[in-house]
Each structure stands twice: as C-alpha cells, then as structure tokens.
Amino acid sequence: MSPMSVRWLVGRVVIMLTSLTVALTLAAGAVVPTSSGITVRYTEYDIPHIVAHDYRSLGYGQGYAAARANLCAIADGVITLRGERSRYFGPGPATTTLTRAADNVTSDLYFKSVSLDGLLDQPSTDVRQMVRGYAAGYSAYVSERHPTSCPEIALPITEQDVYRRVYAWSTLMASGGNADGIVAAAPGTTTNGSLDELAKTTQDMSGPGSNAVVLGRDATKSKRGIAVVNPHLPWHGDVAWDMLQLTIPGRLNVSGATFTGTPFVIAGATQNMAWSGTIADAVVPATLFELKLTDPTTYLVDGKPERMRRQDITIQVKQPDGTLKPVTKPRYSTRYGPVVTNAYGLALPWTSEKAYSFADPNTRNLRFLNTMAEFAKAQNVRDFTSALHRTQGNPIFNMMATDAQGRTVYSGQTVIPNVPDSLVDSCSTALGHETFKRGLATLDGSRGDCAWRNDKDALQQGIFGPANLPELWRNDYVANSNESYWLTNARAPMKRLNRIVGSFETARNVRTRDTLTEVHEGLGKFDLKSTQDLVFSNRVFAAELTVDDTVAMCRTLPDMGNACDTLAKWDRRANVDSRGALLFSRFWTRIGRDPDWKVPFDVKDPVRTPNTLNTANPAVVKAFTDAVAELKAAGIPFDAPLGEHQYVERDGKRIPFGGSRPETGTFNVIASNWDNGYHGIGQGRGGTNSSGYVRVVAFNGTPCPDARAVVSYQQPELFSTKQWITERFCERDILASPALKILRLNAS
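Per this note's numbering, residue 1 is the first one in the sequence shown, and the count goes up by one each step.
Keep in mind that the hints were calculated from the coordinates and are not lab data.
Among these hints, one or two may not hold up.
Said to hold, decoys possible - Dumping the calculated DSS-like pairs for lysine-lysine here, alpha-carbon to alpha-carbon at most 27 Å:
(1) Lys722 with Lys529
(2) Lys437 with Lys598
(3) Lys653 with Lys632
Using the sequences and the accompanying hints, generate a full structural model.
Here is the structure:
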C-alpha cells in the first residue's frame with residue numbers, strides 16, 4: 001500500500017488557513033484549486049466535499065471517505081461479491097441487498113460463478129482511474145486499523161471488488177434477482193411457481209422503486225429547471241445512499257448521492273444540470289430460451305446438438321464448530337446463458353426433454369460508471385442524453401434531467417434484450433404467449449433465427465440501440481413512478497414501442513396518478529418551496545378516489561365503533577398527525593394490486609380512471625372489516641395519529657414518520673410492515689423499500705444551484721418534521737459551514 005498522510009483542520013481555523021487561497025475567487029463561487037493531494041471538507045451532517053486534481057486522486061478521496069462512513073456495510077458487500085458469506089457467517093439466511101438469494105450458500109454459489117472476463121476493457125480511462133483510486137483509498141483507511149464492529153471482514157479491496165459491485169447493480173433486476181433459480185438448476189429439478197407468481201413479481205408495487213419529477217420553464221416561476229429525487233429502496237447495506245460532492249477544478253463539479261460502496265455520483269447535479277431516475281420496474285430486462293433436449297445436458301439448435309457447459313463451483317461454509325467445509329455445486333450454461341428452474345416466480349422444470357436458459361444482457365455490460373462519469377460533467381440536458389447514447393451503460397433506470405435553461409428530458413435508454421414484437425410473433429413458445437403478457441419473452445431456443453436481434457446503433461450485440469428506446473423532450477415536465485414510458489407526461493403520451501420496452505395505453509397505478517395530479521395542479525407555480533411541499537404532501541390518492549364510498553359502506557356494517565366517523569373526518573393525508581390514515585392503509589393493503597372499480601380505465605382519461613370502488617363486492621367489505629378487527633385486536637384506536645404507530649427507533653426513541661405504502665398512491669412512500677409485537681407498523685427495522693434519499697434542486701441564475709436534501713434513515717428527526725438540509729455547492733458556502741472540518745490526504 002502506498003504511504004499516506006492524513007491531516008485534520010477543524011472549524012474556524014480552516015477558514016483562516018484557506019481564506020488567502022480563495023479570496024480572489026469566492027465571489028464567483030469557484031472551487032479551491034489544489035496542485036497536489038486530496039482535500040475532503042465535511043459540512044453539516046458529515047457530508048464530504050472531495051476535491052482532487054485528477055480522477056485517481058478523486059477516487060482515493062471518495063474511497064477513503066466511504067470507508068470512514070460505512071466500513072462495515074461496504075465490507076459486507078465485498079464479502080458477498082467474492083462469494084464468501086458462508087465462510088464468515090455460515091449457511092444462514094442472506095441479508096445482502098445485492099441479490100435476492102434466499103441464503104448465504106446460494107448467494108455465494110451465484111457470485112462465485114460470476115466472471116468479469118472480457119468486460120474490464122469497457123470502463124473508460126477516467127473510470128479506470130477513479131476505480132483504482134477508490135480501491136486504494138478504501139484500503140488505506142482499512143490499513144489504519146480504526147476501531148470497528150467488523151474486524152474480521154474489514155479487509156483491503158481491489159479494483160475488481162469495485163467492478164463486481166457495479167456488475168451486481170447492473171444485473172440486480174435480472175440474474176441477481178433470480179439467483180435462487182439459477183443456482184438450484186440441475187437435471188430433474190422441479191420448483192414451485194406459477195404465472196400468477198410471475199404477475200405478482202413483475203407488478204409488485206412494494207418492491208424497489210422511486211419517484212422522479214423534473215420541471216421545466218413552463219412549470220416553474222423562475223422559468224428554470226427544478227429536479228426531484230425520491231428513490232424507494234431498503235435503508236441499509238449496499239443500496240443505502242450517501243450524500244457527497246466531487247470536484248476536479250476546471251473539469252468536474254457534481255453533488256448528490258451515491259450507493260454505499262459505489263464511486264461517482266448516481267443521482268446528482270452539476271452547476272447547470274440535474275438528473276433523477278427511477279428503477280425501470282415496468283421492463284423485464286431478460287429473456288427465457290426454451291431448450292429442446294436430447295439428453296439432460298444436451299440441447300438442439302437448428303437440429304444440431306450442443307453440450308451444456310458445466311462449471312463446478314466450490315465455496316467454503318462455516319460450520320457450528322467454526323471449521324470450514326467445502327460445498328461444490330455444478331452450474332450449467334448454454335449459448336444463451338445459465339439454465340434456470342425458476343424465474344420471477346415462474347416454475348421452469350428441467351425434464352429429460354425440456355429446460356430453460358436465462359439470458360441477461362447486463363451480464364455483458366460494465367459501462368454503468370462510464371455513464372455516471374459523463375453525467376458528472378454535463379451542463380445541459382443535451383449533454384445528458386448524449387452521454388446516455390454514447391455510453392449505453394445505464395442498466396435498469398429510467399433517467400430524467402432538467403437544466404438551468406428550463407428544458408427537461410426523459411430517457412428510457414437501458415440495456416434490455418433486443419426482442420422486437422416481430423421476433424416474439426415468430427419465436428414465442430406456448431409458455432411465451434403467456435409470459436409475454438407480463439413483459440417476459442420466452443423464445444424457442446432450438447432455432448438459431450430466434451436469437452436476439454442486433455441494432456446498428458447499439459454498442460453491444462443483442463440489445464436495442466437508442467433509436468428503438470423511448471425519449472421525450474419537454475419544457476413543462478417529465479415524471480415517472482416506476483411505470484412504463486407511455487404516460488411520462490399526461491399532456492403528451494408517447495407513441496407505441498416494442499412491448500418489451502413497456503406497456504402501452506394501460507391503466508397506471510395510483511402512485512403514478514397521484515404524481516401526475518400533483519404536478520398538473522402546480523404547473524406554472526412551482527418554486528423550491530412548493531416542490532418540497534409536493535414531496536411531503538403525503539396525499540393518499542387512493543383515499544381521494546374511494547374514502548367517501550368507503551365511509552358509506554362502513555355505515556351499513558355492524559360493530560364499527562367510531563371507524564366510520566374517523567374516516568369521514570380524516571384529512572386524506574398520511575402526515576404524522578393524520579387520524580384515520582392507519583385504518584385506511586390496513587384496509588387498502590388488503591385490496592391488492594387490482595381493486596374492483598366501477599368506472600373502468602379510459603385511455604382518453606388515464607389520470608382520473610379507473611375510479612369508484614365497488615363497495616358491494618364482498619371482498620371489499622371483508623378487507624375493510626378485517627382491517628377494523630386488526631386494529632381492535634392490537635388495541636389501536638381508529639382515530640390514533642399515524643405517527644404513534646408508524647415510526648423508526650433510534651437509541652430507544654421512537655421517531656414518527658409520515659408517508660404511506662405505495663399501494664395507497666402516496667408520493668412519499670413508507671412501505672411499513674404490520675408488526676403486532678409493536679402494536680404498530682414501520683419501525684424501519686430492516687429497511688423496507690421506502691423514501692430514503694430525498695432531494696430537490698432548483699436552478700436560480702447563479703453558479704450555485706439551490707438544493708435541499710435529507711436521508712430518512714440518516715437524519716430521521718429532520719425527515720419526521722419535513723425539514724431539509726441546505727446543501728453547500730459553492731466554495732463560499734462550504735467554507736461558511738459552522739460544522740466545517742477539513743481532512744487532507746496525500747497518496748503517492
């Protein structure tokens with residue numbers, strides 16, 4: 001490890017020591033130039049602002065700061081990605097967020113089989129330098145042997161460890177999300193699962209999600225852009241968010257947040273451009289190929305036999321006595337990808353005649369950081385879209401951006417299989433006709449002409465190029481709440497694309513409808529404050545559609561106590577002091593993904609339809625009476641304030657949280673889970689898919705964007721009271737921080 005020195009300067013002394021350096025540039029908001037070394041300035045809430053003279057040094061600073069803040073979380077991820085969870089933690093349930101594997105053994109067998117061969121030439125020169133520095137900076141912190149709760153796994157890392165994390169993110173919605181089915185696959189294997197399970201998995205509103213809204217000059221008072229960042233992910237581990245700023249004077253200046261253990265900024269803003277994103281849940285980024293077998297491990301393509309490739313994977317598993325025992329499992333692959341026996345909840349038996357191969361294009365994509373590196377330099381939305389087109393590394397995110405000129409753009413430029421509708425028409429199997437209704441193509445793997453198609457403008461074989469993916473330019477707004485491209489702007493629905501890109505002219509969920517409603521109500525009037533109010537409005541859109549009818553139904557039922565009056569008086573919001581929100585949430589959660597509406601979806605009125613709940617349906621009545629019984633059994637008054645029963649716990653203190661589950665159509669998603677042991681919901685233990693990093697960025701005509709942010713699980717008291725951190729982008733603001741601490745690093 002290269003020698004390194006660290007020097008801290010704290011508080012007012014910092015300003016005195018640095019004032020001569022910046023005196024001539026403070027008025028312009030310029031960045032402190034550094035001829036050598038790395039400077040990390042910490043402002044309120046320990047937010048690091050990292051300045052360096054090149055990418056390697058910048059990565060070093062980010063890696064060191066990341067280790068200082070999240071050593072054990074990153075170390076746990078590294079162990080996961082190396083396939084060594086069982087070595088350290090035994091064969092128990094997997095707690096990692098980098099895959100959906102059920103247990104450590106499955107997680108290890110999956111990640112041990114991952115190879116980056118042929119991918120490491122994809123990262124750009126800037127990314128390679130950044131990653132090299134990040135690994136060195138993290139390892140330098142580890143080498144200092146600071147006190148830690150995870151000494152056994154707090155180990156130095158390599159560049160490959162960083163790239164493995166990027167790979168895991170890129171494949172999370174496909175291979176990583178189906179690790180159990182890939183690892184379990186063996187000749188003669190049968191698993192549980194059905195088309196109904198596939199539908200639930202691909203439409204689960206409580207899964208990873210986000211809201212993103214970017215407002216343009218026709219929507220804002222200032223005629224400049226405003227961006228909203230609101231991801232809904234677990235509150236722990238590798239998908240947690242950390243705020244930061246990265247600066248290379250004269251080359252790069254970007255602030256925002258990144259995933260724990262990941263270089264660069266993932267959701268952020270430069271001086272003149274801000275971007276946001278959502279997970280593209282409406283797209284299934286993989287394909288099944290149905291294989292015709294001549295024996296359990298030989299399949300036919302155009303009548304010619306091909307042997308499956310067998311790879312024996314060995315891991316070490318910690319035993320109760322502390323010793324290690326090797327476990328070996330074969331993995332079988334075809335020209336398309338690994339053999340799988342369950343995908344997205346769908347059982348895929350491996351018989352003597354038939355098997356299925358799982359094809360994931362993101363297993364050949366290590367370009368994600370190339371995209372982020374280009375975003376960090378972009379100064380307008382054209383730079384932003386150009387970065388997407390040139391790098392083609394965005395794996396799973398709908399991306400949106402706005403700029404200081406008030407332009408906005410939505411991009412669905414993700415890495416997905418090139419499966420046009422014409423290919424589905426000619427190559428779908430009998431199963432494929434059913435799975436494709438849910439967006440998952442199942443193609444005939446016995447025919448060579450059923451392989452993925454190639455686009456001339458695609459950097460990678462087998463994926464769609466930019467010309468075949470959605471993009472929408474607007475001056476008013478674009479918004480997405482994890483649904484398909486079609487209704488990104490309710491004033492300008494997008495044209496039909498290939499089905500695999502997303503559904504077209506179909507009903508939107510209530511959260512999307514809430515987002516579009518709140519945006520339209522504010523068009524032309526948005527400023528920083530009103531946009532913040534949108535994020536924390538806590539309107540329950542499902543209640544706005546149904547609560548009057550629900551109250552009328554309630555009044556016809558026996559033994560309801562004051563439940564009916566409580567709902568009638570409820571403010572239809574999920575604020576901490578809202579009375580009735582808890583009862584409605586417990587009721588609506590039981591309704592399911594597809595409520596029984598009297599007024600059906602109308603493609604000409606997609607925001608307001610469907611509506612009018614069918615309260616004569618016995619299932620609706622039962623859902624309500626069950627919710628009433630549940631609260632009674634828990635001893636919770638129907639009119640109890642939401643915050644008394646939806647909270648997080650920190651050091652034994654309960655902190656009330658507003659917000660509601662995604663099914664209820666609330667922008668501020670708090671996917672709390674009922675816990676009778678606590679007589680309430682949503683302590684935040686384990687971190688369900690909920691609002692985490694929340695940010696609003698408004699351009700104001702100065703070199704210093706006006707940004708407010710909060711991370712729910714890092715600043716729960718602020719989140720609870722709808723308070724925000726005022727970000728510090730320019731030098732004068734950073735140096736004025738009363739909490740300022742400066743850390744100087746030298747890496748040679």
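Hints that the structure is at odds with (numbers, increasing)
Result: no hint breaks.
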